[in-house]
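The chain contents come next:
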Amino acid sequence: MSTAKPTAGADKLAAESSEQYLTFMLAGEEYGVDILRVQEIKGWDKVTRIPHTPDYVLGVINLRGAVVPILDLRRRFGLETIAFGPTTVVIVVRVMTGRDERTVGVVVDAVSEVYNVDAADAKPPPDVCGTVDTVFVKALVTIEEKMLILLDIDRLIGNSIVDELVPGAEVA
Amino acid sequence: MTFDLEMAEIAKVFFQESREGLDVMESGLLSLGATADSENINTIFRAAHSIKGGSATFGFAEVAGFTHGVETLLDEMRNGVRPVTAEAIQTLLQACDCLREMIAATEAEQPLDQVRIASLNGDIKHILGEANEAPASVSAPPAAAGNETAGAGAASEPSGWRIRFEPVADLLRLRNEPTRMFAELRRLGAMVAHADASRLPPLDALDPESCYLSWNIDITGQIPRGKLDEIFDWVDSGCRLEFTPTGGSAPPAPGAKASAQPQAAAIDAGSAETKAVSPTETKAVALTEAKAAAPADADRSAPAGAPVQKAAGDSGSIRVATEKVDNIINLVGELLITQSMLSSFADGIDPNDLDRLRQGLSQLARNTRELQESVMQIRMLPISFAFNRFPRIVHDLSRKLAKKVELKLSGEGTELDKTVLEKISDPLVHLVRNALDHGLEIPERRIAAGKQETGTLELAAFHEGGNIIIEVRDDGAGLNKAKILQKARERALVAPDQELTDEQIDNLIFMPGFSTAEQISDVSGRGVGMDVVRRNINDLGGHVQISSKEGLGSTIRIRLPLTLAILDGQLVRVGKEIYIISLLAIVETIQVARERVNTLVGRTEVFRLRDEYLPVVKLCDQFGVEPDSRSAEDGLLVVLEADGKRVGVLVDDLLAQQQVVIKSLESNFKSVAGIAGATILGDGTVALIIDAPGLISSAAKQGAGAVAAHAA
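Those sequence lines, one after another, are chains U and Y. Just so you know, the numbering used here puts 168 at position 168 of the first sequence, and the rest follows in order with no gaps. With positions in the second sequence counted from 1, the corresponding number in the numbering used here is that position plus 172.
Heads up, a few of these hints could be off.
Computed, partial: chain U to chain Y, Cβ under 10 angstroms [claimed, not checked]: (1) Val-47; (2) Pro-51; (3) His-52; (4) Thr-53; (5) Val-57; (6) Arg-64; (7) Gly-65; (8) Val-67; (9) Thr-103; (10) Ala-119; (11) Lys-123; (12) Arg-155.
Taking CB as the label site, the calculated pair distances span [to be verified]: (13) Y:Ile-521 x U:Asp-118: 38 to 46 angstroms; (14) Y:Gly-796 x U:Gly-85: 49 to 57 angstroms; (15) U:Gly-85 x Y:Asp-783: 41 to 49 angstroms; (16) U:Gly-85 x Y:Leu-526: 32 to 40 angstroms; (17) U:Asp-118 x Y:Arg-358: 23 to 31 angstroms; (18) U:Gln-20 x Y:Asn-524: 48 to 56 angstroms; (19) U:Ser-112 x Y:Gly-520: 35 to 43 angstroms; (20) U:Pro-54 x Y:Ser-597: 50 to 58 angstroms; (21) U:Asp-118 x Y:Ala-377: 39 to 47 angstroms; (22) U:Pro-54 x Y:Ile-182: 35 to 43 angstroms.
Since the hints were made in silico from the structure, they are not lab data. We put the CB at the ideal spot given by N, CA and C, even for glycine.
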């Protein structure tokens, strides 16, 4: 078990090798995304549906004049869907797909915390699951005795947007 | 030669200006054929001169050297020493092309086409009749300067130089380093530099970034002038430089205070008055004095001459980065959205309390619309940008094809969106080449047909009902309808028994893989012409048509939208979703009568519109939306046309018509079949814009699929 360093109240400057992660909840699991990629967090709002897209693409919204797609992460991971409640939020992230930067919103159950994660503490994901979804997992860290799943957002969203979808990713 | 970033920026401007200068030269040269007025030659000369000055400043020695020859020829023409002959004009036109390539190669840091440069240089020299005369330009770049010294050196080989170097105050700010130059000088020979601090101001007035020093440098050794020029190449603009040969067989060196000494050559990068004559003493002195009087900025303005001149013709244009303009357009689009958001908000509240708000809002609406219109204008460029290249193309092609052609341009001031303009240029070139190659006949045949020897090719642009129309008209032979029909039947583009109207036959030439040219020439006839033209135009949301009378000529008519950023849209509703269809694609909208709807093989519905059966596309099925009703007679049928195919699109309701700002789905997502883009409606929600041609072709495929599935 590696030691974890929660940021809460930590005055000391983050070490050079540490990165900040915003975490969110999804079906009882806690995921983290690089906070530098997060543009904003907004409440769930009605979307405009787009035809001929996988079911996890909920649609597009108007984000101050830009047309931004919204992805449902539960559907993306093939988890059971739930009704959107008061804690349901859209995390708007900037992702790199190829040479372009795109702005994409992902719907998650709730946002959780911001943690400093030491690069040394991050463990590669175990190569067991055999499910394609683990390719989106950058690393696992233990923080306050909880497992945190750090997502490779570029891969996750790039894969969801580009036309060649990862086989099996489209789980009903 | 490596630039730092700032320098690269400036060089970019130089390349851009040089290209404009070349355009000026070219159009000037082409009109020179008709009338050899001195003002015109002057214009060409100035453009050439700016390019020379600029390229010398940036150290593009070969460009400068080459331009120098061109300039010399032009100068002699200007002074009436040299007659303006067709041969000379042709050579100069080729020189323009060559320069354009040299500039492109220099910009891309590619090697230059030395063979071509040398051969053209030879041509120019031949015209000048001075092949044996060494050009002695004072501001000539190293290559030419080398020749000069070779020539001059034969007379007197100096065993050293005295250099007077008075830099401008900005020397250091321009990233020049005198000590580095001195180090280079030192490598050429023993060097002693005396700094002259007489210009140093008192300490409180001293700007630490300015250079107040000047130098007297004595250097010994048999050094060609070119070497010295090379070292000072970077700084010579605006600086005062004097080279005095010392010792050897050179005349006795004048005193230390020599300012107008014999053989002193003042060099100045931008120096306009450099003549291709050996600089005699008097000339050199005169030059030095003239330049001393003319401050450095006078020279600086020289390279800017070409664009300014051009701008004068274009009623004062400015160069704006497209990105910036696009940004403003986006902002204005958003402003428009906010405005309509506010209006729809106001609509929902008691109007009595909000009279003033409504007034303000209507004013805001007017303002935003006006602002949007004027901002959109920034992107609009006159079509002359596309038309300007045609005089040259026609000139070259008519020579090659031995045809006599008069090109008439009209409506060059008609403005259209930059993007549209850029994309229409190539198709237009294609059409013009086609008209010259296939349309217009050779003089003998024209005379035999009782027509004027010289054919006419007209390019016209004008507005018509919110669209731009571009017409390419020729009074040539017209299309051979029988031959086209025969060819189309041979290639199974038309069924053997199919009857076609004349217009339909003419438009067959836009079919893929169609070319009637009997012989494939390098002008046209590869069979990839007209269908590509049509596709390009369709991609722009435009339309192309040809009409032709045998023996009298053809007219190709291109209809283009004014802009690509805004679209006149029809809002339609399907279930709870709102989609937008471009008004350009809508032919008509009709209420569906039950008896006119039939099914094909039990599935695909067709609708009888007058004497035509249209396939019915149900948007609800296409897009997977839950509609109000699935049966055709409860909805409205919007008849769309694209690529000559028509379909009826079934929607639940027609809503407003409005201009919408097109937003790309691809910028944050990806392209979606059947969807051309998105826009933001007054209530802030996103609505998708239907891609009419895409919808039609995918409907055709699905129809075929359905039939196949049924058969199986």
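Going down the list of hints, with the structure as the test:
The restraint placing Val-47 (chain U) at the interface with chain Y holds, with a minimum CB-CB distance near 8 angstroms, inside the 10 angstroms limit. The restraint placing Pro-51 (chain U) at the interface with chain Y holds, with a minimum CB-CB distance near 4 angstroms, inside the 10 angstroms limit. A least Cβ separation of about 5 angstroms between His-52 (chain U) and chain Y falls short of the 10 angstroms threshold, and the interface hint therefore holds. A distance limit of 10 angstroms between C-beta atoms decides the matter here; for Thr-53 (chain U) the minimum to chain Y is near 6 angstroms, and the interface restraint holds.
Given hint, Val-57 (chain U) at the interface with chain Y, holds; its Cβ is 8 angstroms from that chain's nearest Cβ, closer than 10 angstroms. Given hint, Arg-64 (chain U) at the interface with chain Y, holds; its Cβ is 7 angstroms from that chain's nearest Cβ, closer than 10 angstroms. The interface hint given for Gly-65 (chain U) is met, as the beta carbon of that residue sits about 4 angstroms from the closest beta carbon of chain Y, less than 10 angstroms. For the restraint placing Val-67 (chain U) at the interface with chain Y, the shortest Cβ-Cβ distance is roughly 5 angstroms, inside the 10 angstroms limit, so the hint holds.
Interface restraint check for Thr-103 (chain U): the shortest CB-CB distance to chain Y comes to about 5 angstroms, inside 10 angstroms, so the restraint holds. The beta carbon of Ala-119 (chain U) is not positioned within 10 angstroms of any beta carbon in chain Y (closest approach about 30 angstroms), and the interface hint is therefore violated. Nearest Cβ of chain Y to the Cβ of Lys-123 (chain U): about 33 angstroms, over the 10 angstroms cut. The hint is violated. Hint status for Arg-155 (chain U) relative to chain Y: violated, with the closest Cβ pair at about 16 angstroms, above 10 angstroms.
Taken as a hint, the range 38 to 46 angstroms is violated for the pair Ile-521 (chain Y) and Asp-118 (chain U), whose Cβ atoms sit roughly 56 angstroms apart. At about 26 angstroms, the CB distance of Gly-796 (chain Y) to Gly-85 (chain U) disagrees with the hint of 49 to 57 angstroms. Between Gly-85 (chain U) and Asp-783 (chain Y) the C-beta distance comes to about 58 angstroms, which lies outside the given range of 41 to 49 angstroms. Against the hinted window of 32 to 40 angstroms, the Cβ-Cβ separation of Gly-85 (chain U) and Leu-526 (chain Y) comes to about 36 angstroms, which satisfies the hint.
Roughly 56 angstroms separates the CB atoms of Asp-118 (chain U) and Arg-358 (chain Y), a value that falls outside the hinted 23 to 31 angstroms. Checked against the given bound of 48 to 56 angstroms, the beta carbons of Gln-20 (chain U) and Asn-524 (chain Y), roughly 54 angstroms apart, stay inside it. Checked against the given bound of 35 to 43 angstroms, the beta carbons of Ser-112 (chain U) and Gly-520 (chain Y), roughly 38 angstroms apart, stay inside it. The supplied range of 50 to 58 angstroms is broken by Pro-54 (chain U) and Ser-597 (chain Y), whose beta-carbon atoms lie about 40 angstroms from each other.
Between Asp-118 (chain U) and Ala-377 (chain Y) the beta carbons are some 57 angstroms apart, a value that contradicts the proposed interval 39 to 47 angstroms. The beta-carbon spacing between Pro-54 (chain U) and Ile-182 (chain Y), approximately 50 angstroms, falls outside the hinted interval of 35 to 43 angstroms.
Checked against the numbered hints given earlier, this structure breaks hints 10, 11, 12, 13, 14, 15, 17, 20, 21 and 22; the rest are met.
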